[in-house]
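Participant: Letter by letter, the chains look like this.
Number of protein chains: 2
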Amino acid sequence: MSINFSVEQTDGSARLGRLETTHGVVETPLFMPVGTQATVKGLTPDQLHSAGATMLLANTYHLTLRPGEELIAELGGLHRFMGWDGPILTDSGGYQVYSLALSCRITDQAAIFQSHIDGTLLELSPEKAVSIQESLGSDIAMCLDECAPFGSSAGKMQDAARRTISWAERSRACHRRKDQALFAIVQGGMDLDLRASCARALAALDFPGYALGGFSVGETTEHMRTILPAVAEFLPADRPRYLMGVGRPQDILAAVACGLDMFDCVLPTRNGRNASAFTANGSLRLRNACHKRDSTPIESDCQCYTCRHFSRGYLHHLFLANEMLGPILLSLHNVAFYCRLMEKVRQAIRERRFAEFASVSLARWETRL
Amino acid sequence: MSINFSVEQTDGSARLGRLETTHGVVETPLFMPVGTQATVKGLTPDQLHSAGATMLLANTYHLTLRPGEELIAELGGLHRFMGWDGPILTDSGGYQVYSLALSCRITDQAAIFQSHIDGTLLELSPEKAVSIQESLGSDIAMCLDECAPFGSSAGKMQDAARRTISWAERSRACHRRKDQALFAIVQGGMDLDLRASCARALAALDFPGYALGGFSVGETTEHMRTILPAVAEFLPADRPRYLMGVGRPQDILAAVACGLDMFDCVLPTRNGRNASAFTANGSLRLRNACHKRDSTPIESDCQCYTCRHFSRGYLHHLFLANEMLGPILLSLHNVAFYCRLMEKVRQAIRERRFAEFASVSLARWETRL
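First to last, the protein sequences are chains A and B.
If you read the first sequence in the numbering used here, its first letter stands for residue 30, the second for the next number, and so on.
If you read the second sequence in the numbering used here, its first letter stands for residue 30, the second for the next number, and so on.
Take every hint as true, because none was put in to throw you off.
One copy or any two copies: either way a pair holds, since identical chains are not told apart in the list.
Simulated pairs of lysine-lysine, DSS-like, Cα-Cα distance not exceeding 27 Å:
| id | residue 1 | residue 2 |
| --- | --- | --- |
| 1 | K70 | K321 |
| 2 | K70 | K373 |
| 3 | K185 | K157 |
None of these hints come from the bench; they were simulated from the model.
No experiment lies behind these values; they were computed from the predicted model shown.
Taking the hints into account, I'd like the entire structure generated from these sequences.
Facilitator: Printed below as a string of structure tokens:
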């Protein structure tokens, strides 16, 4: 088996899990920093380890366009290429084809799109998405899905769900790599019946893990919070559950409460580059003049490299002076914040006090995050 | 005494030295990476330590404009502000006033200039330069000098040398900080007699260290190489000798051969940001397509983080994808290259084979650096 997953403890619907991969064991609930182009922007693998990251996500769409999966395979595979020896999950490329490509047309056969880099017309089929990810050599690969935009018609949502199921079957049929697990993605938008039938159909195909797609694509927090508890129930209890592209700390806590296990999001690094820091008491904008003379770290109880060595005043200076070290140090803190949050989440589940932990955390963030 | 300097060994005119400062002991000949705005661009202090850096340079001009020396003093001084616990040298700000300011007028009293950030009219006197550096709290401060451009008339060169001596006297008279050493700067352009008289006048004032200014400002390599041996002789033998703003590896070797001890230059980080790597066999342009499929590191015998973990192919990808990690990893390698070069220089002097070492190194670089 390419992965082994076991639920070690539950607390309500929240689960503490253990995920064994070809590149090591990680605990869930788990947050994966995003390394779009085979690098988490601005951070070295050493810095990611020190921040507590255990598993990364990389984007198939970007890597197949540049530098290409054959090149990465030739240079020893994605792990060796980017110098990361822990597990890596790659997405299928579908979401980026729909959101980043210059144009995109979807047929039952494949998605035909234009590269956002040079306009080349390309095709991404379920088989191609599997083949690219097999070349990359990630520990977990994702089936190509169709993610209809939030607000699409019922007919379009049904089409997307049907195609997603059919593409999952085709992906499974062509997937060969034994040291890589292939996860399926449940679509269906905000329609509970559609989600349920999509989840049932995919569960019958017996994938080693399942993801929820179509969240964090324009729906409101209320929409997500409303249907997530029900949708999570549709997923097999003995398989890891991955909520793609989510999200803010409060969204992750809400999803953990529903039994979700894995998360990824660009927020820690994107906000870090934009001088915004996550803290247990809400976010801090380091460009604000109020930080100019502040000798305290971002968070006094944070053990990250940034908080152990630098003041808010210094970080403020770095951003005003347009120095690269500002984005670097803040990305590092934000990744450490997310990883520490997940460590606290796991500890709370272990001690069966997750609901209380989540409620206290949310109250501290509510007004400022 | 704010510093202690001893020459441990000589090999021809080359010297192996030991420099004790308030923030630790460093060996010379020594290269100082440049942390213009209280950060060596793109690198954390941890990364600098790991690359072998022992002492940094920071720019008084930039720091007095932003964030201001009072703020840095309030936040605990420059070392604490930038998280660097080793020794720091600050320049006087003069060179930047002459080269970066929007306008500049020099009188015997002071340099009056316009900030390149917002056009504000400001004054930098010898007393002000000392006062700023005392607030910053560097281990070594520099006297304000006048650096006439290469090619200035003899009269202008004489004026600059005269003013530099007078300003050194005034700097010395107002310098109070006991944990900081104040170095004087010898000017005089390419005129050996003027250099000699400037050096004699400054030596009579008994500074703990001496710098050579006015190199690396437009003169040719031949100009520098021609007069450096003679000029170095004018400097007191028992004091550290610092060649400001120099330079390329071959220039540093030539200067060490003349008895110079300290160097600084932005080349390792600037070239690193521009995808150019220093190696023992010349420079490598990592954007070049020839590196695309190259699985070897920049230098196979380099122990820096970059060379231990990443291929030229990966670095090529990072630069083509405009990823921050490219400049970071290449700056790190280049700083490590310079620090390792200086370690080899010291070892060669220790074993009295510096001339041979320099000659072999230069032959390997000659065609490609």
